[in-house]
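Let's have the full structure, built from the sequences with the hints guiding it.
Residues 1 to 200 (the numbering used here) make up the sequence shown, in order.
Hints were generated in silico from the structure; no laboratory data involved.
Keep in mind that this is a model prediction, so the values were computed, not measured.
Hints may be right or wrong, so weigh each one.
To be verified - Cut-off 16 angstroms, straight-line C-alpha distance, at most; resulting in silico cross-link-like pairs (EDC-like, lysine to aspartate or glutamate): (1) Lys86 with Glu108; (2) Lys92 with Asp164; (3) Lys86 with Asp164; (4) Lys8 with Asp96; (5) Lys78 with Glu108; (6) Lys86 with Glu3; (7) Lys66 with Asp55; (8) Lys149 with Glu181; (9) Lys129 with Asp55; (10) Lys72 with Asp96; (11) Lys129 with Glu54; (12) Lys8 with Glu146; (13) Lys86 with Glu181; (14) Lys8 with Asp97; (15) Lys66 with Glu48; (16) Lys129 with Asp59; (17) Lys152 with Glu181; (18) Lys113 with Glu146; (19) Lys72 with Glu48.
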Amino acid sequence: MIERIGSKQVRNNGTLGGNIGNASPIGDMPPALIALGATITLHHGGIERTILVEDYFVDYKKTVLKSSEFIKSVQIPKPTSGQTLKLYKISKRIDDDISAVLAAFFIERNEFKITNIRLAFGGMAAIPKRALAAEAVLIGSSLTSESVKAAKVALASDFQPMSDVRASDKYRMKVAQNLIEKCYLELQSSLIETRVVNYA
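Now the structure itself:
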């Protein structure tokens, strides 16, 4: 996904803090950081506080930042065995484009049973946010075609996406649902090729 963020100039000069601080609902990094359970440290006048990235966003372009407070650092947990992160960016162009939908899926399994899961989306609401209803369907279950179908249905209660020049509300919902299935297919076998880049 890092190769899909902005342009080469952005990738060499932009920062994680800037991408979060912009508070765009279609920023590329926030969904990934939310799925990872990342935290940010906010600083003002020698006083610091650390919060989850997902708690930073309040409403469209509104955050929990206080006057003169700034993002000092970002903390990302190191991966452990049994954890998987899947990232999918949907945009009209492969390079130098803004997401219509960005999905970030963190899944932790123990003997095929899902013990921890965070499904985060950008472009589906006024802020980047988790799909809590879909998560509730999948947690504690084995990742099967039946549980994936139920999660896709539950996603409709998590989001009511808007239509704009990048995508219609119906397209966004259908794509987001299909990305859950895409993740499921990729986890079944490393031999399954589902990404356009694999054929480019």
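Against the structure, the hints come out as follows:
The hinted pair formed by Lys86 and Glu108 meets the criterion: a straight-line CA distance of about 12 angstroms does not exceed 16 angstroms. With a C-alpha separation of about 13 angstroms, the suggested pair Lys92 and Asp164 falls inside the 16 angstroms cut-off, and the hint holds. Of the supplied pair hints, the one linking Lys86 and Asp164 is violated, its CA atoms being roughly 26 angstroms apart against a limit of 16 angstroms. Pair hint Lys8 plus Asp96 holds up; C-alpha atoms about 8 angstroms apart against a cutoff of 16 angstroms.
The straight-line distance between the Cα atoms of Lys78 and Glu108 is roughly 13 angstroms, inside the 16 angstroms bound, and the hint therefore holds. Between the alpha carbons of Lys86 and Glu3 the distance comes to roughly 14 angstroms, so the proposed pair stays at or under 16 angstroms and holds. This hinted pair checks out: Lys66 and Asp55 have alpha carbons roughly 14 angstroms apart, not beyond 16 angstroms. Only pairs whose Cα atoms come within 16 angstroms are accepted, and Lys149 paired with Glu181 is accepted, the gap being roughly 8 angstroms.
Distance hint between Lys129 and Asp55 is fulfilled; the C-alpha atoms sit about 9 angstroms from each other, no more than 16 angstroms. Between the alpha carbons of Lys72 and Asp96 the distance comes to roughly 27 angstroms, so the proposed pair goes past 16 angstroms and is violated. At roughly 7 angstroms between alpha-carbon atoms, Lys129 and Glu54 fall within 16 angstroms of each other, so this suggested pair holds. For the hint linking Lys8 to Glu146, the alpha-carbon distance of about 41 angstroms lies beyond 16 angstroms, and the restraint is violated.
Annotation: proposed proximity of Lys86 to Glu181 holds, straight-line Cα distance about 12 angstroms (limit 16 angstroms). Taking the CA atoms of Lys8 and Asp97, the gap is about 12 angstroms. The hint holds against a cut of 16 angstroms. Distance hint between Lys66 and Glu48 is fulfilled; the C-alpha atoms sit about 12 angstroms from each other, no more than 16 angstroms. Note on Lys129 and Asp59: the hinted pairing holds, with a Cα-Cα distance of about 11 angstroms set against a maximum of 16 angstroms.
Simply put, Lys152 and Glu181 have alpha-carbon atoms about 8 angstroms apart, close enough for the 16 angstroms limit, and the pair holds. A threshold of 16 angstroms between alpha carbons decides the hint, and for Lys113 with Glu146 the separation of about 14 angstroms falls inside it, so the pair holds. Our distance criterion of 16 angstroms between C-alpha atoms is met by Lys72 and Glu48, whose separation comes to about 9 angstroms.
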